[in-house]
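Going down the list, the sequences are from chains A and B.
With this note's numbering as the guide, the letters of the first sequence map in order to residues 454 to 905.
With this note's numbering as the guide, the letters of the second sequence map in order to residues 68 to 600.
Just so you know, these hints were derived from the structure itself, not from any lab.
Incorrect hints may have been included.
Claimed, not checked - Distance condition first, Cα-Cα at most 25 Å in a straight line; then the derived DMTMM-like pairs of lysine to aspartate or glutamate:
#  : chain 1 : residue 1 : chain 2 : residue 2
1  : A       : K629      : A       : E708
2  : B       : K217      : A       : E830
3  : A       : K625      : B       : E123
4  : A       : K740      : B       : E408
5  : B       : K321      : A       : D482
6  : B       : K182      : A       : E521
7  : B       : K565      : B       : D591
8  : B       : K590      : A       : D739
9  : B       : K565      : A       : D757
10 : B       : K96       : A       : E891
11 : B       : K217      : A       : E521
12 : A       : K629      : B       : E261
13 : A       : K629      : B       : D577
14 : A       : K629      : B       : E247
15 : B       : K217      : A       : E485
16 : A       : K625      : B       : E407
What the hints assert, rightly or not - Here are some, though not all, of the chain A residues that point toward chain B, as calculated from beta-carbon distances under 8 Å:
#  : residue
17 : F480
18 : R507
19 : P523
20 : G529
21 : Y588
22 : V634
23 : L635
24 : T637
25 : L642
26 : V643
27 : A644
28 : L648
29 : C789
30 : F836
31 : A895
32 : A899
Stated by the list, open to error - From the derived model, a few chain A residues whose C-beta atoms are all more than 10 Å from chain B:
#  : residue
33 : L457
34 : T517
35 : P554
36 : T563
37 : T592
38 : G608
39 : D649
40 : D675
None of the values given here were measured: they were computed from a predicted structure.
Even for Gly, the Cβ is constructed at its ideal location relative to N, Cα and C.
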Amino acid sequence: MRYLPLTQPDREAMLSVIGVDSIDALFVDVPEAARLDGPVHGLPNHASELSVERHMTALARRNTVAGEVPFFLGCGAYRHHVPASVDHLIQRGEFLTAYTPYQPEIAQGTLQMLFEFQTQVARLLGTDVANASMYDGSTACWEAIGMARRITRRGKAILSSGLHPHYVSVAKTMAKYTGDVLDTTSPTLVADMDLDALIARIDDDTSCVVVQYPDILGRIADLTPLADACHAKKALLIAVVTEPVALGAIRSPGEMDADIVVGEGQSLGVGLQFGGPYVGLFGCKDKYVRQMPGRLCGETVDADGRRGFVLTLSTREQHIRREKATSNICTNSGLCALAFSIHMTLLGEAGLRALATVNHAGAVAAAERLARVPGVELVNDVFFNEFTLKLSQEARPVVRTLADRGILAGVSLGRLYPDQDALANGLVVAVTETTTAEDVEALAAALEEVLA
Amino acid sequence: MSINASGWRPEMAGKDNADGAAPTFTGNKALMLEEALIFEIGDTTTTGVDIAPAQEGKSRLGNLARDTTIGLPGLSEPETVRHYTRLSRQNYAIDLGLFPLGSCTMKHNPRLNEKMARLPGFADVHPLQPVDTVQGALEVINELAVWLIKLTGMHGVAMSPKAGAHGELCGILCIKAALEKRGEGHRKVVLVPESAHGTNPATAAFAGFKVEDIPATAEGRVDTAALKARLGPDVAAVMITNPNTCGLFERDLKEISDAVHAAGGYVYCDGANFNAIVGRVRPGDLGVDAMHINLHKTFSTPHGGGGPGSGPVVLSEALSSFAPLPYTARTKDGHVHLIEEERAEEFAVEHFGGKLDSFGRMTAFHGQMGMFTRALTYILSHGADGLRQVAEDAVLNANYVLRSLEDVLDAPFAGAGPCMHEALFSDANLADGFSTLDVAKGLIDEGYHPMTVYFPLVVHGAMLVEPTETESKAALDQFIGALRSVAERAKAGDPALKTAPHFAPRSRLDETQAARRPVLAWKDPAPMAAAAE
C-alpha cells in the first residue's frame, strides 16, 4: 500500500497517545449494524503500479485514438495541437496539488494566473470582464441564461436553432426547476443562421437571446443587428463560442455588442479527453459583474503596499450567501484554465491569428474538395473551421462505415438530433491544423466509394 | 489611475525586510522571485509557437474577418516556461507539505493517475466518436461506476456531474423528479443542518425548495428530535453531511432516514467526507437515497488550484431511474453502451421496468472522463483492503492531532468521544484581540497551509484540521509542534502574530479594497495599446 506512510508500530504508538486499544474504538459512533467487518466483498485487493498500468493500458488500447487516423470531429470539442510545455507546466506540483486560493499569501501563483486568464478571456470574447472559469461551455451557457433572468427580471429565453443540442438539453433540464420559459427550434440545412427569425421572436417578456457563433453547423454571421434588436426590447444578447480559436480570425461577439459571452475553452491547452474535464469561459459587460456566477480574482495590495491578488466579490457566492447565492457553483476548472492560459500565452495574438488562418484555410480547401464528391453538397456559404455537408444518404451509417475503414469522418446530425429526419443526411466536418491534406484526400476517396 | 496601471515597482517588494537587510535591486529574495504579469513582459507580436504557413485559398469568412487587435500578449517558449514556473513557486501545495484543509481531503495525488489519464487512448478520444471506437473509455466509466456502487452499497450511480456542487444538484433533482412522479410536487421544504456546506442550501434553493435550518446539539450532531419534529407532508428531503463538518459521525442517521422515509421524504447525504468511512461503512446501509462523491477528495484526483472536480452521485433503488443522461450500461452481449436521449427509452425497458424517468441532461458529453481515469487508477491501486486502510489511517491521524492539541486549543466536541477524519478546534481560549485568522496566518510562517477556518459556522472561530491518511507520523508530529507553538503565541498575545505572515511571498492582502473597487482585468497603460499592430 504505497500511498500509506504509517507503519504498524506508528499506528500502535498513536493509538496509545489517543488512549484507545484498537482502531475499531475510533469507529464506535457507527451503529453496529452498519459496521463492515472487513473489506467490501466482491472487489479485488490492492495492486502494484505495474499491474494497474497493464489493466488501464489494455482499456486504453480499445479506443480509436483521434491522432492516429484521419479525424474530422468537432461539434463542441476540437482537436488542436497542444505545445509540450503546456502539459509539463500544469503538472508542476505547486499548480497540480494546490487548492482553491483561499489563503492568498501562499497562493499568488494560482491567483496571478487567474487574473491573467480573466484578462485573456475578456479580450478574446470582447467583454469587459471574465470570471475565473466554469465547469464547461454547456453549464456556462445555462448560468448565463440564469444571469439574464436576474438582470432583466424576465423569464423567457430565446435559443437559436444553431445552439449545440447538448447545451439546449442542459438548459431545458435546468429551466424545468427555475421556471424559465425556453423558446427553441431545430436547425435546418440552409446556409444562413436564423438571426431574422430570432429577431422576430423577441418581445417584452424576453430576458435574452442565446446564439452560438460559429453555430452548430459551423455558420457565422454578424450579430450586431441581433444585439440591437435585443437592446431595443431591453433584453440581453448571450453569445456562445464553442471554438475559441475562431476568434483569432473573426470578430468577437463582444465587439458586436453581446452582453454576455460564454464559451468552451477546451480547444486551447485542454485536449479532447472524451468530453471532460473542459473549461467554461464566461465574460460580460462591466455593469453586470455583480450578477456574474463563479469565482472572480481581483487585484489589490498587501500590508506592505505590494501588488497582489485575491478572490473577490465573494458575497455573490454560496459559501457566504448560502441559499441566496447567484449560483451553487463552488469549484471552477482551475487546472484547465491554467492550460488554456499557458497555451494562449505561448501563442500570443500573432500565434493565435496565424493558427486561426491555418485552420480556416485548411477548412476551405477541405470543403471545396469534399463538395466535389458526387452526392455531397456544402451547406455553408461562410464558416471558420467547421462546415456542414448534406449527403445523398443518411449520414450516421456512413460515419459508422467509415469508422470501420479507419476514418473518423465527422459528427452526423443523426447522432445529435436522432428524432429529426430532416437533418439525417447532415454531416458536420471540422478541420484544424492537425488535419493533413492526406487526411482530407482519404475522407474524400472513402466518401466517393460509400456514396456511389 | 487604477492600481494595476501603476504596475509593479521593485521598491515596493524590497520594503520592510524582516531581517533589516537592504532591499534588493530586483525585489527578489534569493529563491523568492517576483514575477510581472504577461501583459507587462509580453507583446502582441511575440509567439512561442511555430505555425506552418496556411494553404493558399480564398477566405470564406464573409464580412466577419477580424479587423481589430485583440490585445493578447505572447511570450517565447523559454519565457513562458519561466513565467509559469516562477508563478508556481508562489503556491503552497500538497507536494510541498501537509495541507490540513478540513473538509477538502488534501491527500497525496499519485502520479500513476496522471500517467494513465494521458494515455492517448483516453486523452485523445472525442466524446462523439462512434461508440464502437470508444469501448475502452466506456469500460472505464462502467468499471468505476461498479466500484462506487459497491463501496457505497447503493443501487445506481450518475457519473456526469462535474463537481461536488453539481452532484448535489443532480441528487436533489432526482429527488424532485421522484416526488413529482409520485404526484407530491407540493413538498417544498428541504431541511439542512446549520453545519452544512454552503452549497447545500444554495443547491436546494436553486431547485425551487425552501430551505429550513435544523439546529445542532451541544455535542455537534444534528438534533434528531428537532429534525423528526419538523418532518411532515411538506418536507421533500433532508440534506445531511456524514461524517459531518464537525468531524463527527452522525450516529442517528439510520434512525433519521427511517423517519424521513416514513414521512414520505428522501435523504440526501453530502459525501464530501466519505474518505473517513470508505471501506468501513456503506451509506446505503444507513438509508441514504442519494450521495455525491468528490473524486477529487476521497479518490485522489488533483485539486488543481480549484478544479476540475468530479461529482458522481450514487443513488438508492427509489431514485436510480431518475438519473440524468447520458449513462453507460453493459448489456447482455457484453458491450458497454452509452445511453443518450435516443436510446433512453429502450434502456429503460430493459433496466427500469419501462420507466423512462431521467430528469434530463446536466452537461454536454459524459462527465469528467479525465477524472474517472485517475480515480479508477487510484481505486485499483488501493483495492478493497487498501481503501479500508485509507479510512482507518485518516481517522487515526485526525484523532492523533485532536488528542495532541486539546490541552492547548479549545476542542468543543472532544469530550464526546473520537472524531472521524478531522479535528475541530475553536478560538475560545486565545488572548483578547487574537483570532483564528491570526493562528492561520502564523501557521503560514511555519511552512504550512492553514486549516479550514471559520467553518463550520456552528463553532465560534472554527479551525477544522484534516490531515488525511497520506501523512507520516513524523510529518504529523512536526505539524502538531508548529500548531502548538502558534497557539501558545496566540494565547500569550504575541503582537508579531497579528501581522503574520512575515515570510510568505505577500503579507496580508487587502480584501476590502479588492471588493470595493474591483480590478478584475489588466488595463494597458497607453504605450502597450499603441505598440500593438
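Here is what the structure says about each hint:
1. Note on K629/A and E708/A: the hinted pairing is violated, with a Cα-Cα distance of about 33 Å set against a maximum of 25 Å.
2. Between K217/B and E830/A, the direct Cα distance comes to roughly 51 Å. Violation of the 25 Å bound is thereby established for this hinted pair.
3. Annotation: proposed proximity of K625/A to E123/B is violated, straight-line Cα distance about 43 Å (limit 25 Å).
4. Restraint check for K740/A and E408/B: the C-alpha separation of about 39 Å exceeds 25 Å, so the hint is violated.
5. With a C-alpha separation of about 12 Å, the suggested pair K321/B and D482/A falls inside the 25 Å cut-off, and the hint holds.
6. The suggested pairing of K182/B with E521/A holds, with an alpha-carbon distance near 19 Å, which does not exceed 25 Å.
7. A distance of roughly 36 Å separates the Cα atoms of K565/B and D591/B; the hinted pair therefore is violated under the 25 Å criterion.
8. Our distance criterion of 25 Å between C-alpha atoms is met by K590/B and D739/A, whose separation comes to about 13 Å.
9. Our distance criterion of 25 Å between C-alpha atoms is met by K565/B and D757/A, whose separation comes to about 14 Å.
10. With a C-alpha separation of about 54 Å, the suggested pairing of K96/B with E891/A is violated against the 25 Å cut-off.
11. For the hint linking K217/B to E521/A, the alpha-carbon distance of about 36 Å lies beyond 25 Å, and the restraint is violated.
12. The hinted pair formed by K629/A and E261/B fails the criterion: a straight-line CA distance of about 28 Å is larger than 25 Å.
13. At most 25 Å may separate the alpha-carbon atoms for a hinted pair to count; K629/A and D577/B exceed this at roughly 41 Å.
14. Taking the CA atoms of K629/A and E247/B, the gap is near 12 Å; set against the 25 Å cutoff, the hint holds.
15. Of the pairs offered as hints, the one joining K217/B and E485/A holds, with about 19 Å between alpha carbons and a cut-off of 25 Å not exceeded.
16. As the CA atoms of K625/A and E407/B are separated by approximately 15 Å, the hinted pair is consistent with the 25 Å bound.
17. With a cut of 8 Å, the hint placing F480/A at the interface with chain B holds, because the nearest CB-to-CB distance is about 6 Å.
18. A distance limit of 8 Å between C-beta atoms decides the matter here; for R507/A the minimum to chain B is near 10 Å, and the interface restraint is violated.
19. Against a cut-off of 8 Å between C-beta atoms, the interface hint on P523/A is violated, since the closest Cβ of chain B lies about 13 Å away.
20. The criterion of a C-beta within 8 Å of any C-beta in chain B is met by G529/A, whose closest approach is roughly 6 Å, and the hint holds.
21. The restraint placing Y588/A at the interface with chain B holds, with a minimum CB-CB distance near 4 Å, inside the 8 Å limit.
22. Annotation: V634/A was flagged as interfacial toward chain B, and the flag is violated, the nearest CB pair being 15 Å apart, outside 8 Å.
23. Checking L635/A against chain B by beta carbon gives a least distance of about 12 Å; that is not within 8 Å, so the hint is violated.
24. The closest approach between the C-beta of T637/A and any C-beta of chain B is roughly 14 Å, which is over the 8 Å cut-off, so the hint fails.
25. Contact between L642/A and chain B, as hinted, is not supported at the beta carbon level, the nearest pair being about 17 Å apart and thus beyond 8 Å.
26. Given the 8 Å rule on beta carbons, the hint for V643/A is violated: about 15 Å separates it from the nearest Cβ of chain B.
27. The criterion of a C-beta within 8 Å of any C-beta in chain B is not met by A644/A, whose closest approach is roughly 11 Å, and the hint is violated.
28. Because the beta carbon of L648/A sits about 13 Å from the nearest beta carbon in chain B, more than 8 Å, this interface hint is broken.
29. With a least beta-carbon distance of about 6 Å to chain B, the hint placing C789/A at the interface is held under the 8 Å criterion.
30. The interface hint given for F836/A is met, as the beta carbon of that residue sits about 6 Å from the closest beta carbon of chain B, less than 8 Å.
31. Given the 8 Å rule on beta carbons, the hint for A895/A is violated: about 16 Å separates it from the nearest Cβ of chain B.
32. Checking A899/A against chain B: minimum C-beta separation of about 14 Å lies over 8 Å; hint violated.
33. Residue placement check: L457/A does not keep its beta carbon more than 10 Å from all beta carbons of chain B (closest about 6 Å).
34. Consistency note on T517/A: stated as away from chain B, yet its beta-carbon is not over 10 Å from all of that chain's, at 4 Å minimum.
35. Residue-level check failed: P554/A sits 7 Å from the nearest beta carbon of chain B, not beyond 10 Å.
36. Its beta-carbon lying about 4 Å from the closest one in chain B, T563/A breaks the requirement of being farther than 10 Å from that chain.
37. The beta carbon of T592/A is not kept farther than 10 Å from every beta carbon of chain B, the shortest such distance being approximately 6 Å.
38. With a least beta-carbon separation of about 13 Å from chain B, G608/A lies farther than 10 Å from that chain, consistent with its non-interface assignment.
39. Taking the minimum C-beta to C-beta distance to chain B, about 16 Å, the non-interface status of D649/A holds against the 10 Å cut.
40. Against the 10 Å criterion, D675/A falls within the reach of chain B, whose nearest CB is about 6 Å from its own CB.
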